[in-house]
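Asker: Chain by chain, the residues run as shown.
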Amino acid sequence: MKSETKNIILKTENLSIGYTSKKDNIVVASNINVALEKGKLIGLIGANGIGKSTLLRTLTKVQSPLKGAIYINDTELKDFSSVDLAKALSLVLTEPVAAKNLSVLELVALGRQPYTNWIGNLSKADIEITERAISQVNINHLKHKKCFELSDGQLQNVMIARALAQDTDLIILDEPTTHLDMYHKAYILKLLQELAKDTGKTILFSSHEIDLAIQLCDALIVMTENEVVTDEPCNLITKGTFEKLFPKDLIAFDEATGSFRVKK
Amino acid sequence: MSNQNTYRTAFGWLILALIICFLLNISLGSVSIPLKDIFNSLIGKNVEQESWQFIIQNYRLPKALTAIIVGSGLGISGLLMQTLFRNPLAGPFVLGISSGASLGVALVILGSGVIGGVLASAFQSKWGIVLAASLGSFLVLLAVLIVSIKVRDTMAILIIGLMFASITAAIVSVLSYFGSAEQLQQYIFWGFGSLGNLSWDELFILLLMYGIGIFLGIISIKSLNTLLLGENYAKSLGVNIKKSRFIIIITTSLLAGSITAFTGPIAFIGLAIPHITRQIFNTSNHRILLPAVFLSGAIVMLLCDSVSQLPNSDYTLPINAITALVGAPVVIWLLVRKRKMVF
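Protein sequence lines correspond, in order, to chains B and L. Residues in the first sequence are numbered consecutively from 1, following UniProt numbering. Residues in the second sequence are numbered consecutively from 1, following UniProt numbering.
Incorrect hints may appear among the rest.
No farther apart than 20 Å at their CA atoms in a straight line, the calculated lysine to any residue pairs in the SDA-like style are these [said to hold, decoys possible]:
(1) K11(B) x E37(B)
(2) K143(B) x N282(L)
(3) K150(L) x Y19(B)
(4) K78(B) x I160(L)
(5) K11(B) x N48(B)
(6) K100(B) x V331(L)
(7) K143(B) x K150(L)
A short list of chain L residues far from chain B (calculated; beta carbon distances all over 12 Å) [stated by the list, open to error]:
(8) S51
(9) I149
(10) I159
(11) S166
(12) E231
(13) Y315
(14) L317
Pair ranges (Cβ atoms, derived) [stated by the list, open to error]:
(15) I219(L) x D84(B): 48 to 54 Å
(16) E225(B) x N240(L): 46 to 52 Å
(17) A186(B) x K150(L): 19 to 25 Å
(18) I219(L) x S21(B): 49 to 55 Å
(19) K150(L) x D24(B): 57 to 63 Å
(20) P247(B) x K150(L): 38 to 44 Å
(21) R337(L) x G200(B): 53 to 59 Å
(22) L325(L) x K190(B): 29 to 35 Å
Hint data in this document are derived by calculation from the structure and do not stem from the laboratory. C-beta: ideal position from N, C-alpha, C; glycine also.
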């Protein structure tokens with residue numbers, strides 16, 4: 001992995017994440033060394049409260065790291081201006097869109113904001129990229145619908161199209177499969193896998209769908225109590241990393257099927 | 001992109017309606033003046049009676065222009081607030097801007113006994129009231145701004161604005177309890193609102209503040225559109241949230257503050273106009289909404305003022321009551337028919 005440094009989109013070096021309070025620093029996780037390659041789908045998994053959100057918030061410059069550094073395309077994250085960062089990194093968040101009266105087309109086109117002029121005029125190229133993003137996630141038929149008319153699954157597709165329209169090397173999604181049924185969970189993650197392959201973008205998402213992530217991701221970042229491990233899913237299974245994910249009293253990882261089973 | 005054409009047609013109709021309402025507004029009043037003479041007076045030709053010319057140029061024309069400024073200015077500040085707070089019930093008044101103005105005016109009119117004779121009479125002039133109202137709305141806004149820097153949650157700011165409104169309302173009640181009947185009447189008359197009291201000099205000052213506000217509103221269009229996604233998304237799209245929010249709040253205070261200072265608190269226009277406009281245009285794009293709110297705000301205000309004139313009579317109803325009578329049912333109708341106020 002390390003030999004191909006050219007293809008690394010995002011890299012962390014001895015990163016410590018957490019919060020600064022008045023008295024001292026509260027470290028959530030430390031010694032994080034991950035490198036995300038171009039065109040890969042990477043899942044971030046871990047138990048509730050282990051610090052997945054904190055890690056994503058730190059990687060997206062919402063909060064600053066306690067120690068260590070983050071590089072996007074070999075530039076340190078703290079040196080990015082907000083507009084430059086918007087051209088390098090796009091987000092899909094868990095929060096609902098505020099204005100439900102936006103049409104799908106309008107919402108996806110808002111992804112072009114970092115590139116447009118002072119009044120937000122869409123150029124021909126902007127419209128083309130917007131249309132392309134819409135067809136990449138197969139929502140052409142929804143184009144003129146209003147957001148309040150969409151189901152949760154459709155809305156998630158629209159938000160992914162918006163991130164695509166932002167045309168960044170890296171897309172980060174915070175729990176894109178929450179509130180979705182089993183089919184749409186698989187659909188969204190499969191879509192992300194295809195997008196990473198077809199567009200060459202690096203896609204990082206956090207999720208609780210461990211079995212789906214094992215099947216679909218090129219690499220996984222696993223956050224456990226003591227360490228943060230990154231590797232390909234099959235290597236992680238052989239290493240037994242998933243056993244350390246949860247307390248052992250209730251569920252156990254089944255290596256054969258790649259999923260968790262309730263203990264009898 | 002077939003929407004573009006519908007928008008163009010709608011804009012055409014609105015501009016036509018604005019011109020008609022403007023002429024209608026000027027032609028109505030306690031003195032009836034033939035339409036021909038109104039035209040002549042507007043384009044500077046001679047009019048049959050000298051007094052008609054005087055009435056139109058020094059009374060009706062400034063009043064109609066004030067109505068346009070008030071309707072469009074309050075409408076636009078309401079639109080800005082609704083987007084900034086992502087709350088369909090937000091308006092310039094929710095932020096406490098008008099309560100601040102009321103407090104300033106109440107202190108001048110009702111508190112003159114407390115301030116002391118000489119100083120009070122200096123403040124009692126019309127300019128004193130305008131100054132006090134501007135100062136009051138600016139101070140409340142400053143307080144809201146300081147809080148907004150510390151509290152990042154927009155919902156909290158909205159609630160704080162409401163709390164400021166309650167505090168100022170309470171102080172006003174205490175002051176009116178101790179005020180004399182004469183002072184009370186003067187304060188209540190200011191509270192009715194009036195479009196007709198502005199001289200050309202005053203109108204010029206109002207127009208200047210309004211112009212700055214509209215300019216700031218136009219340069220905020222892009223960030224307003226991004227804010228439709230929510231603050232976190234806006235931030236991820238490279239928008240400087242703190243700066244944009246500051247500009248938007250300043251814009252609202254300039255528009256709503258100066259308008260309230262000169263014409264008194266005018267209810268419901270800021271809240272209702274953006275919703276009415278969204279019914280016509282069915283979009284959230286501020287590049288369409290901003291000019292559309294300008295037009296419909298001006299039209300509604302001109303109509304309200306025409307109604308308050310009570311055609312062919314000497315009576316003028318308080319404009320504040322008319323706007324509330326028009327605005328409140330609209331908001332209720334929207335809620336009942338649409339079930340929710342999407343924006």
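Asker: Take the hints in turn and mark each one as holding or not.
Answerer: To see whether the hints hold, each was checked on the structure:
1. The straight-line distance between the Cα atoms of K11(B) and E37(B) is roughly 9 Å, inside the 20 Å bound, and the hint therefore holds.
2. Between the alpha carbons of K143(B) and N282(L) the distance comes to roughly 15 Å, so the proposed pair stays at or under 20 Å and holds.
3. The straight-line distance between the Cα atoms of K150(L) and Y19(B) is roughly 18 Å, inside the 20 Å bound, and the hint therefore holds.
4. About 34 Å separates the Cα atoms of K78(B) and I160(L), which puts this hinted pair outside 20 Å; it is violated.
5. At most 20 Å may separate the alpha-carbon atoms for a hinted pair to count; K11(B) and N48(B) exceed this at roughly 24 Å.
6. For the hint linking K100(B) to V331(L), the alpha-carbon distance of about 19 Å falls within 20 Å, and the restraint holds.
7. Taken as a hint, the K143(B) and K150(L) pair is broken in the structure, with Cα atoms around 40 Å apart against an allowance of 20 Å.
8. Every CB of chain B is more than 12 Å from the CB of S51(L) (nearest about 47 Å), matching its label as outside the interface.
9. Once the 12 Å rule is applied to beta carbons, I149(L) is consistent with being away from chain B; the minimum gap is 18 Å.
10. A cut-off of 12 Å between C-beta atoms confirms that I159(L) is not in contact with chain B; the least separation is 18 Å.
11. Look at S166(L): its CB is around 27 Å from the nearest CB on chain B, clear of 12 Å, so calling it non-interface holds up.
12. The claim that E231(L) lies off the interface is violated: its Cβ sits roughly 8 Å from the closest Cβ of chain B, which falls inside the 12 Å cut-off.
13. With a least CB separation of 41 Å from chain B, Y315(L) remains clear of the 12 Å interface cut-off, as annotated.
14. Residue placement check: L317(L) keeps its beta carbon more than 12 Å from all beta carbons of chain B (closest about 35 Å).
15. The supplied range of 48 to 54 Å is broken by I219(L) and D84(B), whose beta-carbon atoms lie about 22 Å from each other.
16. Between E225(B) and N240(L), the C-beta spacing of about 39 Å breaks the proposed range 46 to 52 Å.
17. Between A186(B) and K150(L) the CB atoms are about 44 Å apart, so this pair departs from the stated range of 19 to 25 Å.
18. With their beta carbons about 39 Å apart, I219(L) and S21(B) fall outside the hinted range of 49 to 55 Å.
19. Checked against the given bound of 57 to 63 Å, the beta carbons of K150(L) and D24(B), roughly 23 Å apart, lie outside it.
20. At about 40 Å, the CB distance of P247(B) to K150(L) agrees with the hint of 38 to 44 Å.
21. In this structure the hint that R337(L) and G200(B) lie 53 to 59 Å apart at CB is violated, the actual value being about 48 Å.
22. Between L325(L) and K190(B) the beta carbons are some 57 Å apart, a value that contradicts the proposed interval 29 to 35 Å.
Checked against the numbered hints given earlier, the structure breaks hints 4, 5, 7, 12, 15, 16, 17, 18, 19, 21 and 22 and satisfies all the rest.
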